[in-house]
Amino acid sequence: MSPKETGNFAEKPYQVKYITDPNQKELRELALKYTPAIMKTAYGNINKLTRFKARMAKFTYIIAPESDKSKYSGNIIDPAKARELIERQRVYIEKMGTLIEINGYYGYGKGAMPVQWFYTPEAANVAGMQQVLAFSRSAIESKEQLNQPFKPKFRLVFTAGLVLDDQPGKLAIIVDLDNWTTYVMGSDYFGETKKGVLRMLNEYVYRLGGLVLHAGAKKVTIDGKAMSMGILGLSGTGKTTTTFSKQGELAQPIQDDMIVMWPDGALTITENGCFAKTYGLTPETEPVLYAGSIHPDAWVENVF
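If you're matching positions, the sequence shown starts at 1 in this note's numbering and goes up one per residue.
Bear in mind the hints are in silico, worked out from the structure with no lab data behind them.
Source: prediction; values computed, not measured.
From the three backbone atoms N, C-alpha and C, an ideal C-beta is built for every residue, glycine too.
Restraint ranges, calculated between C-beta atoms of paired labels, are given here:
#, residue 1, residue 2, range
1, 32, 283, 23 to 33 Å
2, 203, 29, 34 to 44 Å
3, 57, 211, 19 to 29 Å
4, 226, 139, 13 to 23 Å
5, 229, 17, 42 to 52 Å
Construct all of the structure, not just a fragment, from the sequences and the given hints.
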């Protein structure tokens with residue numbers, strides 16, 4: 001089965017002012033102005049203290065009727081209830097009056113998937129982090145394409161300040177696979193925007209006959225021949241550490257977290273950066289990640 005082609009997104013779906021693809025300096029200024037519990041560290045980078053310290057899978061729902069519940073490993077939500085929550089998010093967005101719009105790609109080369117993210121200003125730090133993790137339009141598109149309106153395959157809408165008092169956990173992540181859109185309501189944790197797109201990418205690639213693997217990737221040279229090596233493992237078992245640590249001079253990191261394996265055996269990456277745990281991070285054990293975490297351009301969460 002081929003995935004439903006998108007490209008029919010309304011270009012500006014909300015009646016608000018759009019801040020489209022601001023640069024990192026502008027995003028830092030927006031974050032320091034509008035994001036609560038945020039500060040500049042002694043290293044000059046931006047640290048956000050989040051209400052949520054992890055993704056909330058138990059409050060994540062696929063839009064589907066009860067009769068289709070067995071098709072999904074996660075929770076489902078009735079389409080009518082989902083529409084009511086999505087409408088509530090729209091009202092909140094238009095009351096706020098401003099959206100930060102980030103356009104970019106997950107993947108490179110034949111695996112490049114165009115994605116559009118919308119954030120209300122209190123999530124400006126999340127927008128800044130996501131922009132770093134995605135490939136920019138200029139990295140993927142031709143000059144001719146750059147002069148045309150952006151045409152996303154996936155869209156994610158993130159409203160950290162929309163508290164849903166009548167919902168479990170006072171938040172909801174609504175996944176609309178028919179229209180390749182994820183709505184994040186009430187969470188301020190970056191992992192929801194990262195996983196929101198990767199979840200849709202998983203489904204999209206699967207429908208094309210491929211697999212998205214929860215794995216790091218390294219370039220390894222053996223007998224003068226370069227090849228890719230996937231590093232699989234459960235969360236917290238050392239994929240990122242292994243990917244970014246040195247194993248002699250013949251191995252280089254390619255990808256931190258998710259890779260795509262296509263039916264022809266080709267492997268493509270997903271993200272243009274790294275979102276890593278800082279617990280126990282030292283310059284001796286993980287010098288690349290440590291140097292990145294104290295760089296003035298970095299974005300960090302809950303770091304002391």
